[in-house]
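Order-wise, the sequence lines are chains A and B. 321 is the number that this note's numbering gives to position 321 of the first sequence; each next residue is one higher, with no gaps. 190 is the number that this note's numbering gives to position 190 of the second sequence; each next residue is one higher, with no gaps.
None of these hints come from the bench; they were simulated from the model. Check each hint, because a few of them may be wrong.
Said to hold, decoys possible - If you anchor each label on the Cβ, the simulated ranges turn out as follows: (1) T46(B) to K189(A): 42 to 48 Å; (2) A137(B) to Q12(A): 50 to 56 Å; (3) K190(A) to L215(B): 32 to 38 Å; (4) Y213(B) to S65(A): 43 to 49 Å; (5) Q12(A) to H94(B): 22 to 28 Å; (6) E88(A) to R206(B): 49 to 55 Å; (7) P409(A) to K55(B): 42 to 48 Å.
Said to hold, decoys possible - Keeping only pairs whose Cα atoms sit at most 27 Å apart, straight-line, the calculated DSS-like set for lysine-lysine is: (8) K309(A) to K154(B); (9) K307(A) to K39(B); (10) K241(B) to K309(A); (11) K220(B) to K276(A); (12) K512(A) to K39(B); (13) K251(A) to K393(A); (14) K309(A) to K127(B); (15) K91(B) to K307(A).
Claimed, not checked - To give an idea of the chain B side of the interface with chain A (calculated C-beta under 10 Å), a few residues: (16) H37; (17) K39; (18) G50; (19) Y133; (20) G146; (21) H148.
The beta-carbon is built from N, C-alpha and C at its ideal position, and this holds for glycine as well.
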Amino acid sequence: MGSVSNYSADAQNRYRVWLTDKNEVDFDPFSYFEAKAIERRLVNNISLCDQTDFPVSEEYIRVISEIADSISFVSRWFNFIGVYVSSEDQLKNLKSLDFVREIEMVEPVTMTLAMADDIDPYISIPGKDLLDKQLTRMGGNLFIEENIHGKGIRIAVFDGGFPWVDTHPAFEHIRKENRIVATYNFTAKKVNVYLGNKHGAMTLACIGGRYADLNIGLATEAEFLLAKTEVQGEPFSEEENWLAAAEWADKNGANIISSSLGYERHRYFTYQMDGKTSLVVKAANMAARKGILVVNAAGNQGGVNDKWKYIITPADGDSVLTIGGVNPETDYHMGYSSFGPTADKRMKPNVSAYSHIVTVNKNGVKPADGTSFATPLVAGFAACALQTNKSLKTMELFKEIEKSGHLYPYFDYAHGFGIPQASHFLKKENTVPARSFEFNLDSNSLTIRVKPEIINNQNWLADNGLLYYHLEDENGVLIEYYVIKVETPEVLKLNLGTYRKGDNLTTLKYKKGYKLMVWYHGFVDSYVF
Amino acid sequence: MFFVTKLKVMKRKLLLFGLLAVLINMSYSQKILFQEHLKDYSIPGTKGQGLKSYKHGYFGIGFILPLPDTTIAIMMPASYNYTLGLRLKRKITHTFSVGMDYNLNVSRFRFKQTADKVVPDTIMHKKQTNIFYAASAGVYGRITYGRHGNYIGKYVDIGIKGDWYFAGRLSTTDKKDGQKSVNYTWGMKQFQPLNGHAFLRMGLYRYAIDFSYRLLSMYKPAYYVKELPPFSVGVEVGFFK
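Please construct the entire structure, taking both the sequences and the accompanying hints into account.
Rendered as structure tokens:
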């Protein structure tokens with residue numbers, strides 16, 4: 001955190017005043033929380049009297065408001081007060097208060113809406129097919145067949161605005177049943193969110209929109225909390241809005257937060273994507289601790305010309321379900337989708353979904369691109385998954401969604417565990433995938449050969465035929481990973497030089513303790529060197 | 001004859017060997033659709049807008065500020081300079097950096113044609129312009145304001161540069177009997193080949209406002225009694241995203 005002494009306060013600036021304690025405050029969870037918030041806490045074994053939920057001392061707020069020009073935001077979770085001040089004297093006075101722990105200057109920075117600028121020119125799937133694919137690839141049709149539509153699950157959507165949501169036919173079913181439970185515009189401190197950036201309407205549609213009797217997202221019967229946290233366009237905004245919206249979502253009983261937003265190089269370095277540094281990731285992790293599943297976009301910084309490449313924050317949070325993008329045409333990584341791991345080498349993204357999708361536009365639907373849209377697809381999926389078993393604790397749901405990934409237990413830093421599958425939650429995976437390949441080690445090479453049973457299947461080459469493999473070190477950190485197209489029975493031959501199993505040859509690429517993990521046709525196997 | 005047969009056999013062998021090599025290769029063929037190597041990007045970088053070192057190109061245009069009482073009267077905005085350069089930045093702390101500028105620049109002074117004009121001559125022309133071509137190298141210190149990541153952000157630069165004026169030209173345009181005539185004089189002896197500037201630059205991301213002050217007189221004192229205006233103010237655009 002920056003020290004206030006580095007900054008001048010000639011103009012009106014925004015600061016966070018961090019407080020020392022919450023002494024002498026009263027808190028009644030039953031009057032503060034919505035019934036759903038209490039229910040969620042009980043399911044997750046979370047105390048109803050957690051000190052982080054206690055209000056900030058009214059006395060402290062009063063004293064600070066007398067010194068500062070105005071108060072912008074008060075955070076219960078982190079016990080700070082956002083203020084505007086315009087003179088050094090005000091800062092000195094604030095600093096001299098014995099209940100002030102620290103004062104941090106807040107800089108306005110760009111928050112990225114994770115919507116890609118350009119539609120991938122290589123994609124040629126017609127709209128209706130694409131609309132169908134974006135749900136069936138996750139096995140969404142199975143949820144639909146079982147009449148699971150996220151009923152009773154409350155999803156908070158944070159975005160730059162929700163124009164059209166009050167008029168567009170894709171949201172009519174939600175409006176009719178009054179399932180937009182609450183709205184709040186944190187940028188203007190007003191209730192109206194049906195304005196601003198269309199991005200929010202587009203992401204909401206991917207969660208529970210329905211157009212011309214076709215589902216755009218899976219959670220068409222969920223309830224929604226809509227929070228406008230960003231200003232128009234590529235905005236200058238604050239991480240505080242995200243935190244304020246998270247506290248609001250918690251109070252109002254959200255089960256899931258869907259956030260297609262994030263910060264990157266304007267404020268941070270890639271080495272700070274460690275899940276601990278930014279305020280927004282602390283807020284996201286805190287929301288998870290309160291029992292909310294936080295689903296966040298990985299970002300669109302993965303392109304070859306992009307200087308950032310990594311996931312953005314808060315996607316770096318260990319309790320944040322980070323969503324990568326998959327190209328529906330190829331069924332593997334979409335070029336722009338940001339890469340993991342986190343700076344401290346944790347796997348990210350956690351799972352993936354199609355990021356070239358169909359969603360609403362002003363007068364109908366149209367294709368759009370970005371991990372912004374893969375994220376709400378998974379948020380809708382998560383609502384359906386939770387509906388199948390409402391007793392699941394949040395982090396259990398998180399783990400089960402990971403396990404439902406089509407590549408699981410294989411993973412890499414572009415796809416995570418792959419695309420989540422509804423069959424996992426509907427217990428329809430009765431068959432263990434058949435062994436589809438085997439390892440053959442000879443004197444100086446390791447060969448991966450597809451099993452004859454697979455080859456004898458006439459469609460084996462017609463299928464997607466993708467084989468994933470990665471090489472991980474003894475700590476489970478990936479060194480490299482590949483997706484290859486299987487075109488011959490002998491898929492892969494790794495030259496091991498003079499290697500013998502058990503050798504500890506530090507000069508070789510395949511060292512002792514390293515692991516080669518392979519996924520093919522649903523079957524995963526590893527070879528430990 | 002024997003030699004020809006042996007050559008044919010060799011050719012066949014080579015052909016077979018080549019075919020075999022292709023077949024062996026095919027049996028292990030793999031079409032890599034996608035690959036990532038962690039070592040390529042997991043090491044914290046040292047080159048970047050907010051990292052240890054960074055360099056970028058830039059283009060700037062500045063306008064000469066006339067100081068009619070003390071310097072030669074020039075016309076605005078026809079008197080200007082433009083610069084194409086390379087800037088190097090090295091981070092010392094998160095807020096302080098130092099760097100070097102290398103650039104090529106052209107300065108153009110359009111003289112006002114007034115009755116009291118004495119420089120570069122006393123003759124009244126339709127237009128009279130002195131153009132100087134220079135290569136410059138400079139050093140600067142930079143203070144970056146506010147929290148920022150791998151991003152240029154908001155900054156103030158203060159620096160000095162040395163200029164080598166390697167060419168100069170005086171052009172005069174006249175109109176006589178409806179006929180336009182332009183006369184160029186190259187290789188002027190009047191200007192000083194070595195000079196210097198102090199500058200102050202205020203930047204936001206790729207855009208900057210540049211204030212510049214020339215430290216020495218443009219002309220050798222022996223030639224002219226008055227001097228060209230030393231101040232200029234301009235804008236600059238960096239070539240980076």
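Going through the hints against the structure:
no.: 1; hint: T46(B) to K189(A): 42 to 48 Å; in the structure: holds (43 Å)
no.: 2; hint: A137(B) to Q12(A): 50 to 56 Å; in the structure: violated (41 Å)
no.: 3; hint: K190(A) to L215(B): 32 to 38 Å; in the structure: violated (57 Å)
no.: 4; hint: Y213(B) to S65(A): 43 to 49 Å; in the structure: holds (47 Å)
no.: 5; hint: Q12(A) to H94(B): 22 to 28 Å; in the structure: holds (24 Å)
no.: 6; hint: E88(A) to R206(B): 49 to 55 Å; in the structure: violated (32 Å)
no.: 7; hint: P409(A) to K55(B): 42 to 48 Å; in the structure: holds (45 Å)
no.: 8; hint: K309(A) to K154(B); in the structure: holds (24 Å)
no.: 9; hint: K307(A) to K39(B); in the structure: holds (16 Å)
no.: 10; hint: K241(B) to K309(A); in the structure: holds (14 Å)
no.: 11; hint: K220(B) to K276(A); in the structure: violated (63 Å)
no.: 12; hint: K512(A) to K39(B); in the structure: holds (19 Å)
no.: 13; hint: K251(A) to K393(A); in the structure: holds (18 Å)
no.: 14; hint: K309(A) to K127(B); in the structure: violated (55 Å)
no.: 15; hint: K91(B) to K307(A); in the structure: holds (18 Å)
no.: 16; hint: H37; in the structure: holds (5 Å)
no.: 17; hint: K39; in the structure: holds (7 Å)
no.: 18; hint: G50; in the structure: holds (7 Å)
no.: 19; hint: Y133; in the structure: violated (35 Å)
no.: 20; hint: G146; in the structure: holds (4 Å)
no.: 21; hint: H148; in the structure: holds (7 Å)
Hint compliance for this structure: hints 2, 3, 6, 11, 14 and 19 are not met, and every other hint is.
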